[in-house]
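S.K.: Chain by chain, the residues run as shown.
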Amino acid sequence: MARSDAQLVQAALAGDREAFGALVDRHRRTVFALALQRGLQSAEAEDVAQEVFIKAYRSLGELKQPEAFARWLYGIAEHVGADQERVRQRRRRESGLEAMNEPAAPPHDRVTQALGEERERILRALGELDEAKRVVITMRYLEGLTPKEIAERLGEPRGTVRSRLHHALSYLQAAFGTVRSPEGPEA
Amino acid sequence: MNALPSDTNGGPPLTCDEARRVIQYLTQDGDLKDVERRLLALHVKTCAACKGELDRRRHLDQRLRKAFTGLDTSPEFTERVLEALPARGEADSPAWLRGESQSAIDALAREAGASSRAKPSPRERMLRAVRIYRVPLGVAALITIGVLGAWLRHGIVGDSTKAPALASIEAGEAKLIRDGHERELPPGYPLKEGDVVEALAGRPLRLALSSAATPIATVHLAPGAKLKAFARQRYELIAGDAYFDVRKDRPREPGENFEVGTRHGRVTVVGTSFGIVLPPDATKDVTVVVDEGTVEAASGGSTTAAPLRVTGGFEADLLAAGGVSAARPIAPGRMAWHRPNANATAIAQSTAPSANDGTAPPGDAGVTGIAAPSPPAIDWTALENQIDFRGRALPAALALLAARHGDAPELLRLAEQAKRLGAGAGPSMLRVQCPMPVERIVRWLAREQGLRLEAGARLRAADPGELPGPPEAGDPSGTAARGLHATLPPAPEAIALAEWLDEYLPANWLAAPGDLPPEAATMPRPAEGSARTLLDEVCRDAGLAWAWYDGLVYVARPERIEALTRVPQAIDGTPWVRLDGHTHAPWRAGLEFFAARVRNDGHGGFALQGPARPLVAEAALQPDSLKLHYLCGRVNRVRFAEALWLLRDGTPLATLDTEPLNEHEGPRLVRTWEELAAEVRETGRALAVPENAKVFPVSAFRNRALRLGGSIEWAARLQGLGVHARDGQLVVETPEACYGAPRLQVLRCDTQAALLPAEAAALPETLAETVRVCHPELFAGVTFHPLKDRLLFEGDRRQLAAAQAVLYALESDLRARAAEVAPAAFDLRAWRPAWRLKLEQELARPLQAGAESLPARSFPWLLRSSGYFSNLGCTVLVDPAAMDRLAQADLPALDVRGKNAGQALRTLAEAAGLRMILEGEVVWLRDKP
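Sequences listed follow chains A and D, in order.
Here the first sequence is numbered in the working numbering, starting from 210 and rising by one per residue.
Here the second sequence is numbered in the working numbering, starting from 199 and rising by one per residue.
It should be emphasised that the hints constitute simulated quantities derived from the structure, not laboratory data.
Hints are supplied without guarantee of correctness; some may be wrong.
Claimed, not checked - In silico DSS-like pairs for lysine-lysine, Cα to Cα no more than 27 Å straight-line: (1) A:K273 / A:K342; (2) D:K390 / D:K426; (3) D:K1126 / D:K1036; (4) D:K243 / D:K231; (5) D:K1126 / D:K1097; (6) A:K342 / D:K986; (7) A:K357 / D:K373; (8) D:K1097 / D:K1036; (9) A:K357 / D:K1126; (10) D:K264 / A:K342; (11) D:K424 / D:K390.
Okay, chain A solo, but in the shape it has when bound (with noise of 0.2 Å):
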């Protein structure tokens, strides 16, 4: 049977980096998919998700109910996220500067060629909502989680997982409400 995230965590505490291991494979897509929530490129979600778990590693120690571990882990990739986002946009604004020899960016990301326009807007849509609205619904969606899975990984009752999905559904219906999907009808 699969180590609850507490057990990891002990385990990792006591030296075994290989928990430490399990626990990122576990949570890797969530973090990662939160990252590019905020409009990164799959590259550098990737930069974030790995800093997020180099940081969760950092202080592991400090992490008082290891229950919590996901949602801990997540409140991390929110901070981490929004670093990065925020130095973004202020490079953005400073890009003046003669772009001489600069690295160039991969003629095609790996992650947005595939996603094509729709899903980026789908995930720039979920870029809008607060953060815990933004968990459940990756949780769901990307991982397939059941509001009861979902509850029980980030130790929140049952109806405050289903009352965000209810709100971040509605939202994202809301925000969909009048745009055409490529294969659907109009929603």
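Following the hints, complete the assembly by docking chain D onto the known chain A.
M.R.: Frame of chain A; chain D shown alone:
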């Protein structure tokens, strides 16, 4: 799930509400029970609206699923993360690196607006280890001085053909200068020969250098410093100061050393932490500062001076005239831009007593060579965590600490000293469960035994009554204390105080021996809340007190805490300020502490009780000033430097010393300025009134609620004047002289917005409306400009103070609400300050004597003498000129049937041709315009 009625077998069909709930559960859970699916299908057959809703939700569901399909990191992501984690052996616990804690991360996240850390490329991220490492000690470094030009041309081993280092910015901002062109330094950038990296002004630059997928060094450049690259391990410091953390395990070819050239020579290292101070004046000496390790300094060129051995904690000069100076302890404040505990190096000064005798190491007369490894010098600023000293005597505790730092000789010496001093007052009670610097730990271990840790790493017995020392040394930002703001989970109903402190308090703590009650105590209700609040309650319940002192929570009997924190003056004579009722600190440290708190938390307040008499109700720290809330409600803003100067001298900060004015109630009736002046004289102040000041008509000024200060202000305002302090007395004169000309005023409401995020967007505009409602006359004709988190308007100081009072009242109420267990919804639009609510409550009282009509009498008689309004507890003021006029004739009888006092007052005012205005905390009856 209870979406459906219990009877689901052929039972009544779903209502639309029930159908929508089922649809909601469908999209949330992804599936329905058979019966739910059947009933929903039946419903949507006949309900187009619900069918549409179902279709929209399904479609949204599909779009979201598609958007997330295939979303994943690269396959090697986890491996990359694990590689980037701190290596085993570089920290006692794999979870910790020095200087990094969650509170620090949070603080960095909040300050990220100033952060400009460039992101290295993914490859660089993969290859780079975690940032700053303190290189294991005991490795000697080599410094040789040579002719710069020759070295640059040839180097020690000849021209290097090594690949350039990759440079990645970790903190600060930098530009790259190449061939005369400037640009922003890109992330993970390969430096070519001749590239110059310049640290931009504002904050130090931290640059990581790596090569062949392995870190080489971390370079810290002071703002404005410039570093020129020649090869991956050869640089020239051409301007400013720099500090180098060179990896011992970096990649290198045989004979390839990390070298940094300066105008007077070069520094070649194997692995250590050292800094170079390069004065702008080329005729000045260059100073080498060594924090860790041992270096040999030798002068090349024509001098024949023997090499000098310099150990960690010492510095030496590379002389412009040639040669090397004698080593000396690192000067306090040296390279403080990078070495934040520069003053703590005093502790390390005597760490190598025989190091600086100027003798060359035996058998080595040349300028090259590596000295034998010396015992590691303790890094007093290193953070320790998860170490339990409880039950150990001081010598054993110090030995334990030494063992965790490679048997650091300083700590072992202290252990011996402790034995000689007979330190055996009792075992330690200290358990470090949050990061704490080594120096502070040793200080507390010593303090427990009645000893003092002095500069030079020496212990001595404390003199009776001696001051315990600066409480917040080394932690002016107070980030460690911020753990006390954390919200704690509920604790058991009955738990011993020591156990509660151990298990629930997110901070290090210590108790005075014998002061903690051993038995379980009932926890206060609610048994959850902020750590600070709970600490207050549990200590109070146990008859104890606590103080945040020198990095931990100290719990003891109140008289011990009082003795601990009673520090009227610091040892250097700097006046102290009392912070939070628990901590004392020098003025400057205190202001810096709260400046950091305001920046981080958006709030900071403390009562000024320093040499100056308490003048203000609250002082809120702004990033560059103090915002003072005076006791009369006036608000002023004083720049830091001015505040420090004034406070140190004991000069009252306020231009209006209102404390005594606020203690006195204002007179019930004001007829003449002389009467007011007499009241003011009672407080020890003087009131200067213009010679042509008018007399108040009888009963124009009926005061029920104003203090003396407010009475003076309103008396002045009624006569079109203002009041301010000048030359130590209160002066009544024109508004312009008192409050200045109108100018752009900015009200920041980001604190309030943070407390009410749901209304953040609308808050400035709503606040503007509230200010207008509370002060319609004062802000008549004033245009407010709401921006994202602030409100702008053009006004004088009186208007600013009034608007600020509303703003701070809102903040106060929001904070009180935030502290509640179950805060009710907050209606921002309907919110009013407490004094406004009180005014409205007073006006809602019934009319005295339950009168149904007011007789035909004069206005002054009806207002003051009739008794109809005698139970009104608010102040009612009338324009003096109107009162004069209205005293001449009687008004007709007025019907006030069913009206409360306020409604009846309005009826009376209208009959008198006046308008009734609720202005601030008074009712103001004015002539119509």
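S.K.: Does each hint fit the structure? Answer for all of them.
M.R.: Checked hints:
1. Restraint check for K273 of chain A and K342 of chain A: satisfied, since their Cα atoms lie roughly 24 Å apart, inside the 27 Å limit.
2. Simply put, K390 of chain D and K426 of chain D have alpha-carbon atoms about 9 Å apart, close enough for the 27 Å limit, and the pair holds.
3. In summary, the hint linking K1126 of chain D to K1036 of chain D is supported, as the alpha carbons are separated by about 26 Å, within the 27 Å threshold.
4. Taking the CA atoms of K243 of chain D and K231 of chain D, the gap is near 18 Å; set against the 27 Å cutoff, the hint holds.
5. Distance check on the hinted pair: K1126 of chain D and K1097 of chain D sit about 23 Å apart at the alpha-carbon level, within 27 Å; holds.
6. Taking the CA atoms of K342 of chain A and K986 of chain D, the gap is near 23 Å; set against the 27 Å cutoff, the hint holds.
7. Between K357 of chain A and K373 of chain D, the direct Cα distance comes to roughly 51 Å. Violation of the 27 Å bound is thereby established for this hinted pair.
8. The suggested pairing of K1097 of chain D with K1036 of chain D holds, with an alpha-carbon distance near 19 Å, which does not exceed 27 Å.
9. Restraint check for K357 of chain A and K1126 of chain D: the C-alpha separation of about 66 Å exceeds 27 Å, so the hint is violated.
10. This hinted pair checks out: K264 of chain D and K342 of chain A have alpha carbons roughly 19 Å apart, not beyond 27 Å.
11. A distance of roughly 15 Å separates the Cα atoms of K424 of chain D and K390 of chain D; the hinted pair therefore holds under the 27 Å criterion.
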